[in-house]
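Visitor: Below, each chain spelled out in residue letters.
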Amino acid sequence: MMPASALLATDRLVHLSGVDLVIVVFYFALVLSIGFYLKRFAKTGEDFFLAGREMTAWVAGLAFVSANLGSLELLGWAGNAYQYGIMASHWYWIGAIPAMVFLGIVMMPFYYISKTHSVPGYLQLRYGPEASALSAVTFAVMTILMSGVNMYAMAVVMEVVLGWNIHFSLITSSLTVGLYVAAGGLFSAIFNEVLQFFLIWFGALLIPILGLIETGGWSGMVARIHQNFPGQDFTHLWAPMHSFSSNPMGIHWTGIVFGLGAVQAMGYWTTDFLVVQRVLSAKDVRSAKMAPIIGSFFKMAVPLIVIVPGLLGRAVLPMHLVPASEAVAGQFKYDDVLPLMLARYCGPGLLGLGITALVAGFMAGMAGNVSAFATVWTYDLYRPFLRKDAPDQHYVSMGRWCTIIGLIVSIGTAYLVMRFASMMDYVQALFGFFIAPLFGTVLLGMLWKRVTRAAGFWGLLAGVVSSVSMFTLMKLDQRWVSVFALSPYAKGLAQAMYQALWSCVTCVVVTVIVTLVTKPRPDEELRGLVYSITDVPQEQHTSLLQRPAFWGAVALAIFVVLQIIFW
Amino acid sequence: MSEKHHIIPVWFFVGVLFVVYGFLIFVSGLAEWSHPPGTVEAELHAPVWWGALLLVLGTVYCTLFRPGKN
Numbered sequence: 006m007m008p009a010s011a012l013l014a015t016d017r018l019v020h021l022s023g024v025d026l027v028i029v030v031f032y033f034a035l036v037l038s039i040g041f042y043l044k045r046f047a048k049t050g051e052d053f054f055l056a057g058r059e060m061t062a063w064v065a066g067l068a069f070v071s072a073n074l075g076s077l078e079l080l081g082w083a084g085n086a087y088q089y090g091i092m093a094s095h096w097y098w099i100g101a102i103p104a105m106v107f108l109g110i111v112m113m114p115f116y117y118i119s120k121t122h123s124v125p126g127y128l129q130l131r132y133g134p135e136a137s138a139l140s141a142v143t144f145a146v147m148t149i150l151m152s153g154v155n156m157y158a159m160a161v162v163m164e165v166v167l168g169w170n171i172h173f174s175l176i177t178s179s180l181t182v183g184l185y186v187a188a189g190g191l192f193s194a195i196f197n198e199v200l201q202f203f204l205i206w207f208g209a210l211l212i213p214i215l216g217l218i219e220t221g222g223w224s225g226m227v228a229r230i231h232q233n234f235p236g237q238d239f240t241h242l243w244a245p246m247h248s249f250s251s252n253p254m255g256i257h258w259t260g261i262v263f264g265l266g267a268v269q270a271m272g273y274w275t276t277d278f279l280v281v282q283r284v285l286s287a288k289d290v291r292s293a294k295m296a297p298i299i300g301s302f303f304k305m306a307v308p309l310i311v312i313v314p315g316l317l318g319r320a321v322l323p324m325h326l327v328p329a330s331e332a333v334a335g336q337f338k339y340d341d342v343l344p345l346m347l348a349r350y351c352g353p354g355l356l357g358l359g360i361t362a363l364v365a366g367f368m369a370g371m372a373g374n375v376s377a378f379a380t381v382w383t384y385d386l387y388r389p390f391l392r393k394d395a396p397d398q399h400y401v402s403m404g405r406w407c408t409i410i411g412l413i414v415s416i417g418t419a420y421l422v423m424r425f426a427s428m429m430d431y432v433q434a435l436f437g438f439f440i441a442p443l444f445g446t447v448l449l450g451m452l453w454k455r456v457t458r459a460a461g462f463w464g465l466l467a468g469v470v471s472s473v474s475m476f477t478l479m480k481l482d483q484r485w486v487s488v489f490a491l492s493p494y495a496k497g498l499a500q501a502m503y504q505a506l507w508s509c510v511t512c513v514v515v516t517v518i519v520t521l522v523t524k525p526r527p528d529e530e531l532r533g534l535v536y537s538i539t540d541v542p543q544e545q546h547t548s549l550l551q552r553p554a555f556w557g558a559v560a561l562a563i564f565v566v567l568q569i570i571f572w
Numbered sequence: 024m025s026e027k028h029h030i031i032p033v034w035f036f037v038g039v040l041f042v043v044y045g046f047l048i049f050v051s052g053l054a055e056w057s058h059p060p061g062t063v064e065a066e067l068h069a070p071v072w073w074g075a076l077l078l079v080l081g082t083v084y085c086t087l088f089r090p091g092k093n
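Sequence order for the protein chains is A and B.
If you're matching positions, the first sequence starts at 6 in the working numbering and goes up one per residue.
If you're matching positions, the second sequence starts at 24 in the working numbering and goes up one per residue.
Rather than coming from a laboratory, the hints here were simulated on the basis of the structure.
Please read these numbers as outputs of a predicted model, since none were measured by experiment.
Fair warning: there could be bad hints in the mix.
Here are the simulated lysine-lysine pairs, BS3-like style, with alpha carbons at most 27 Å apart [unchecked claim]:
no., chain 1, residue 1, chain 2, residue 2
1, A, K44, A, K393
2, A, K48, A, K288
3, B, K92, A, K44
4, A, K48, B, K92
5, A, K120, A, K48
6, A, K496, A, K338
7, A, K454, A, K338
8, A, K338, A, K120
9, B, K92, A, K496
Please put together the full structure from these sequences, using the hints given.
Guide: Written out as structure tokens, the structure reads:
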């Protein structure tokens, strides 16, 4: 056994007191207890993989938004807010809200009515095994790699922030996640995500409250930023994007509107099974439609606990943070801004709450990855291609084993990343290759009944290949950045937005061309899968306040007002 | 939350978490009242009112969603 002294290093951002440690330990005890309590309910495949399809709109909605509220997200976007200013909010507003409303109103009925277990499952029904297998294999591989990358990143953060030994963090967190997800399946994952949602809000909300008190409110904070960084604009959303060179991201507003809002965000929020799986657990169609819309209201508020702390860092921190690639010993990186602000305002007790929120975020992210992996492997690869007619219990056992095996592979990936650090960037980029083209394939399949089986597969493949090609060319030769991202000033985030846009366009163009030269499926085979020939339940007989469309419109109205306020 | 299964609502577990954390934070805030930590704005005694808020919210959740209520 590792001696306690070996678990703690002296060089760390924050120091935990006894009460902080009690808070962290209680969280581990609670999630394990909940996992074992839920085990008795996860008996059938539907229970284990889709939480019995009995979650209310609120639970599914909070789990949906929480699945994307991991600690890497929080630390990374607070760092981005420090680096780019309030422009980072685009990833929470135009990069989320329209897509969430679109998922709820337009796409969710098809996922739900078709009774699919997953997004590749929908592709199986709509296009057949080729497109489904391509999507399932890429999703399974990428999810497990991402889980390993997240695991490693968590261990590094715990080492830097708390001084915890990397191996200790890896083993403790993965063992806990493995036990509770293997026990309760998606039930456990969703319960933990709801807990994590509250922990993150109550753990991080004090930073903007106390920070704005210190600076004398929003205007005081803006004045301090201008004083500390004269001539730079960190507090406007759209104004700095009239040209590529007028903002630190090197992006034009077209990249944000079309690359991020219309493609990247739509792809992520409507086809990434990790988040869609949470909504599929809803108890009926109306709850499934409401869940992402409920999530959109909370998503809109997240900049308060992520972006504002980043901006406050510019206003109040005595030192200037630097990019990770330029940091030398003793210098703090952009991504350190959230822990630095936590340590600035939170003493014993509150610090434990904030750190527990970070740990919970990491573990919920891992649980999300392994539960989505177990579902896609079992239902979209193992059942159709390896063992078609096994009893339901067999698939539940397979799901439990997948959870354990998935975590072991993730741990292996984490150690691989530890040896080859550059792998991390590439694995994260890989995930982006599939999201944008997949959106084109799924959307065309839902809205146009003429799209054929071959078109679905070749369109998706062409989109993925074009995305990989653009990424590789831009990495190999800087001159390609001007071609694909339209400007030599485009930084990594800007390049990714245009890459998403062009790969989705490629997917759509190839899908349309192949469709026009191949034979369509008969209408009766597509009922429940395509908009024009499906009876989607309407809500004419429900009151206005119970209609998802009404709340979707409210979410969009608030979104527009926020754009105007922070223009 | 559950129709097919009679599962304790997740809100009850949220309540338990808040009650325990609220109590611990509130008590540690009181204990350091006369000698607050060296954090910025420590004179506002955030742990006391934040802990109290968590404690109240947790109690409400535990009461409203306690097992067997329905």
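Visitor: Give a verdict on every hint.
Guide: Checked hints:
1. A/K44 / A/K393: holds (26 Å)
2. A/K48 / A/K288: Measuring from Cα to Cα gives roughly 17 Å; hence the hint holds.
3. B/K92 / A/K44: This hinted pair holds, its Cα atoms lying about 22 Å apart.
4. A/K48 / B/K92: The hint holds at about 25 Å.
5. A/K120 / A/K48: holds (19 Å)
6. A/K496 / A/K338: holds (18 Å)
7. A/K454 / A/K338: violated (50 Å)
8. A/K338 / A/K120: Status violated; Cα separation ~46 Å.
9. B/K92 / A/K496: violated (55 Å)
In summary, the numbered hints that this structure violates are 7, 8 and 9.
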